[in-house]
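Chemist: Go ahead and model the full structure; you've got the sequences and the hints to work with.
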Amino acid sequence: MSGDIILSVDRLTMRFGGVVAVNDLSFAAERRKITALIGPNGAGKTTVFNCITGFYKPTSGAIRLTHDDGRGIQLDRLNDFRISKQARVARTFQNVRLFPGMTALENLMVAQHNALMLASGFTFLGLIGAPSFRKAEKHAIERATHWLDRIGLLGRADEAAGNLAYGDQRRLEIARAMCTEPALLCLDEPAAGLNARESSGLSELLLSIRDQGTSILLIEHDMSVVMEISDHIAVMDYGVKISEGAPREIRDDPKVIAAYLGVQDDEVAAVEQELGR
Amino acid sequence: MDYFAQQLINGIVLGSIYGLIAIGYTMVYGIVGMINFAHGDIFMIGGFIALISFLILVSIGLTAVPLILLIVLLVSMAITALYGWTVERIAYRPLRHSFRLAPMLSAIGMSFVLINYSQISQGARVKPVPPIITGGYSLLDRGGFVVRLSNVQILVVLTTIVLLAIFTWLVSRTRLGRDMRACEQDQTMAALLGVDVDRTISLTFVIGAALAAVAGMMYLLYYGLVDFFMGFVAGIKAFTAAVLGGIGSLPGAMLGGLLIGLIETFWSAYFSVEYKDVAAFSILIVVLIFLPTGLLGRPEVEKV
Amino acid sequence: MTASTPELTQESRSAAFIFIFKKALISAFVAFVLFSLMIGIRTEAGPTGQLVYWTRFEDLATIVAIVFGGSIVIELLRRWWGPAPTARTLPPFVQRAASVARRTLPPLLLIFALLVPVVFYDQRYVIDTGIQVLTYVMLGWGLNVVVGLAGLLDLGYVAFYAVGAYSYALLATNFGLSFWVCLPLAGMLAACWGVMLGFPVLRLRGDYLAIVTLAFGEIIRLVIINWQSLTGGPNGVSGIPRPTFFGIPLTPGDEGLAARLGIEFSPTQRVVFLFYIILALALLTNWVAIRLRRLPIGRAWEALREDEVACRALGINTTTTKLTAFATGATFGGFAGAFFATRQGFISPESFTFQESALVLAIVVLGGLGSQFGVALAALTLIGGFELFRGFDQYRMIVFGMAMVLLMIWRPRGLVGHRAPTVFLKHSQAISSELTSEGRG
Chain F
1 MSGDIILSVD RLTMRFGGVV AVNDLSFAAE RRKITALIGP NGAGKTTVFN
51 CITGFYKPTS GAIRLTHDDG RGIQLDRLND FRISKQARVA RTFQNVRLFP
101 GMTALENLMV AQHNALMLAS GFTFLGLIGA PSFRKAEKHA IERATHWLDR
151 IGLLGRADEA AGNLAYGDQR RLEIARAMCT EPALLCLDEP AAGLNARESS
201 GLSELLLSIR DQGTSILLIE HDMSVVMEIS DHIAVMDYGV KISEGAPREI
251 RDDPKVIAAY LGVQDDEVAA VEQELGR
Chain C
1 MDYFAQQLIN GIVLGSIYGL IAIGYTMVYG IVGMINFAHG DIFMIGGFIA
51 LISFLILVSI GLTAVPLILL IVLLVSMAIT ALYGWTVERI AYRPLRHSFR
101 LAPMLSAIGM SFVLINYSQI SQGARVKPVP PIITGGYSLL DRGGFVVRLS
151 NVQILVVLTT IVLLAIFTWL VSRTRLGRDM RACEQDQTMA ALLGVDVDRT
201 ISLTFVIGAA LAAVAGMMYL LYYGLVDFFM GFVAGIKAFT AAVLGGIGSL
251 PGAMLGGLLI GLIETFWSAY FSVEYKDVAA FSILIVVLIF LPTGLLGRPE
301 VEKV
Chain Z
1 MTASTPELTQ ESRSAAFIFI FKKALISAFV AFVLFSLMIG IRTEAGPTGQ
51 LVYWTRFEDL ATIVAIVFGG SIVIELLRRW WGPAPTARTL PPFVQRAASV
101 ARRTLPPLLL IFALLVPVVF YDQRYVIDTG IQVLTYVMLG WGLNVVVGLA
151 GLLDLGYVAF YAVGAYSYAL LATNFGLSFW VCLPLAGMLA ACWGVMLGFP
201 VLRLRGDYLA IVTLAFGEII RLVIINWQSL TGGPNGVSGI PRPTFFGIPL
251 TPGDEGLAAR LGIEFSPTQR VVFLFYIILA LALLTNWVAI RLRRLPIGRA
301 WEALREDEVA CRALGINTTT TKLTAFATGA TFGGFAGAFF ATRQGFISPE
351 SFTFQESALV LAIVVLGGLG SQFGVALAAL TLIGGFELFR GFDQYRMIVF
401 GMAMVLLMIW RPRGLVGHRA PTVFLKHSQA ISSELTSEGR G
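If you're matching them up, the sequences are chains F, C and Z in order. Mapping of the first sequence onto my numbering: position 247 corresponds to residue 247, and the numbering continues sequentially without gaps. Mapping of the second sequence onto my numbering: position 203 corresponds to residue 203, and the numbering continues sequentially without gaps. Mapping of the third sequence onto my numbering: position 369 corresponds to residue 369, and the numbering continues sequentially without gaps.
Check before you lean on any hint, since a few could be wrong.
To be verified - List of simulated lysine-lysine pairs, DSSO-like, C-alpha gap at most 27 Å:
| hint | chain 1 | residue 1 | chain 2 | residue 2 |
| --- | --- | --- | --- | --- |
| 1 | F | LYS135 | F | LYS85 |
| 2 | F | LYS33 | F | LYS255 |
| 3 | F | LYS57 | F | LYS85 |
| 4 | Z | LYS23 | F | LYS135 |
| 5 | F | LYS138 | F | LYS85 |
| 6 | F | LYS138 | Z | LYS426 |
Since the hints were derived computationally from the structure, they do not count as laboratory data. Because the structure is a prediction, the values reported are computed rather than measured.
Modeler: Okay, structure coming up:
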């Protein structure tokens, strides 16, 4: 890893009672790059996410986010909402968590809550209808509109989020996360349940987000998406890291193949020969 | 010291009664995840049924006390169990797949129905009953305070122990118990494996109601009165006991009941009687805030 | 009945009759067992303290017969109506009528409310009922912020009502402060209590939050009853002064408002004055609630109700959001309480039972969580209905209890089945309440 590190996970361990879900895991994500965290089901990837974004308190280890200006923040010590607010880390969820009874536009407005709260003078300016608040609100609507346009949902801005098609919901969740203007965007299986066309649309969206300056950390099973857009990959199995590197290295790494195919390490060569690789 | 010992005895007796009610709360919460708001009022109905049964038996000339007690026990358990079954069928079963608030509001409605039903059918005045079981034993008599253990107290504790043994056996050894535990874990899967989920849930309510009936009868024997509002406060205290012991845990409910009974008795004896209910409610708040899984419960990790 | 239902043959019809008959028989038998002792026998504490009883077998027989007949009727109705449709799509003209109604009914109701004292000037009872209804409308709108918008199940709302009432009562009788000075004070004290209550219970979910708030409500009532030196205990506080019109009292004497205006005094004037005060307070509550809903805090409340985890992931401090919901709801409860005290002139702990909390909660749920108009309609229905059956105290409570059960079974989303979005690009589309969450705490 030669680049500028935005997120470093250092010897992270997460224990639930007797179960060790994540064991001494260390990896790093580079600024303005897409880093993927992959591995078979049950490897502990979502647990890592939950530790990074503050929904679990790690049993031990350190997670550090470094801002553009060099300031560092220890994420393992912060509460979940503070991580989003102060460290500017946003996330999406494995099972889409939108606000189903609110419209797509409202969902994106909620994401800009903190900025709007300040502008509304903690509600008081808003109550009296101060022009500064109205301007801030207009600004927020513009930002929401911009993102709705980018994900192609502008025509459905006033529909209930719960009524949208599954693929639209996933993209809306990403747009909502982006409305918080994060430095690091964490996506938990964004391509799950998407067909080939939707997946390539997603890849395009994520690449454009990266090119605009947001770093991305991604859990994903869809290898086509992972291989296409990742700059760097870390592979987990049974709670430990088994490999890390560029996509091409990972693809050819026998340990990774073994983890997905489920064979013993010493049998990998034999299996590969059988498969004619 | 003697005063302390007396309060200890009193507390254990009161705690047994609370424990019997608490078991109903904890079993229902474990299996359907709802707080059965009307359960305290089932306890009250049990007390009334016991009262009226006593009255009938005495007035038809029965005098053998053990026989009377046994008949009243069985009758009030049976009829109150039917009340529990009916409440579940009418107010909870249709809402099983409804949203979360629904069963709770329905339970509150049912609670109002039971309280006012009892008030209308039996009048609003407190019903006293002459002591049916009298006598007891002086345990310690050192010239100051006499520590007494009355026969009623012995009866209450013994009945509780016997019933607890029966129901523990029921839950851990029988098919019904296994079905109940399966439904607690995963209703859909249990149904797919052939468990009659509706019947299991109904039986859970029935058993809870039967135990509450016993508690009602014990309350009647011990305090000598019933009134239509006794279920409300007793219900909250019993729920506190269930939470304190760990919601979903049968031994926890009994342990919680004993603790609440002891705390209430000692508080009344040494601090103030007027605020004893406040003490119980405060314990509920404190437990839920600091120890939500209770003493014997299993900690829950939230899946994100 | 759909067209696909085949004609019932003679055999299947008699099989159906047998089934219905058996079901009715079982219901009647269950009713018999349930009611045998409680209704068949009537006990009472006799004059010398012993227990006396008499039998009421005719009543028992009547009720069992009603259950039997009723069971048959219900089963027949169920067969006639067919299975409950899973997707209820209303015909378009009904939908259009509903949206017209949605827009015109609220202003109409407001105009009606403004005119009630004028139209019913001679019927003091009607104006009194109107005051009662408006008080509960205000309480409903206040609790709506907590339960309907933020999705926090509060079963102890009566505590704020009590704090408001006793604050005004004690401040007025001990320090001689006027209603208008005490009104904001009552609100603030209630808000403080709301924050103190909210703070420890924030992590609790759903049922647990409900029980804890219930416990708080009961604690307040017990403290009021027992702290006799402060609150007068069960005797309550009496001699609470009535509100003045900018310092001018509404009394018959020469300093009274009537004398100053040169009109004849009538006790109805004070009632009318009270009516407009509560109407103004209720409208204030409504205005604030509607405004707040459009502001970031209101949107955060609704988002909290929809999905708390997602809120936290977006950087929203759910703790302070919940606290502001509690505090806001509490403030309105406090205002309503102060008004209640000044209207009655006398308060006692009996007015602040759990039953009140449940009633207000029923109003909010019946109204459709989050809907202002629905809550108003529900308050009118419930309180109006209660008043109609005044004198049948316990019977109306049984009806109320059964109504809550039936409401949950048939229309758990309340009277108004939709939610209006607070911001829109093109046009506001009402969101069906089936999509909105009811909150997990």
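Chemist: Hint by hint, say whether it matches the structure.
Modeler: Now for the hints, and whether the structure bears them out:
At roughly 22 Å between alpha-carbon atoms, LYS135 of chain F and LYS85 of chain F fall within 27 Å of each other, so this suggested pair holds. For the proposed pair LYS33 of chain F and LYS255 of chain F, the alpha carbon gap of about 25 Å is at most 27 Å, so the pair holds. This hinted pair checks out: LYS57 of chain F and LYS85 of chain F have alpha carbons roughly 17 Å apart, not beyond 27 Å. Restraint check for LYS23 of chain Z and LYS135 of chain F: not satisfied, since their Cα atoms lie roughly 67 Å apart, outside the 27 Å limit.
The suggested pairing of LYS138 of chain F with LYS85 of chain F holds, with an alpha-carbon distance near 21 Å, which does not exceed 27 Å. Simply put, LYS138 of chain F and LYS426 of chain Z have alpha-carbon atoms about 14 Å apart, close enough for the 27 Å limit, and the pair holds.
Consistency with the previously given hints fails for number 4 only.
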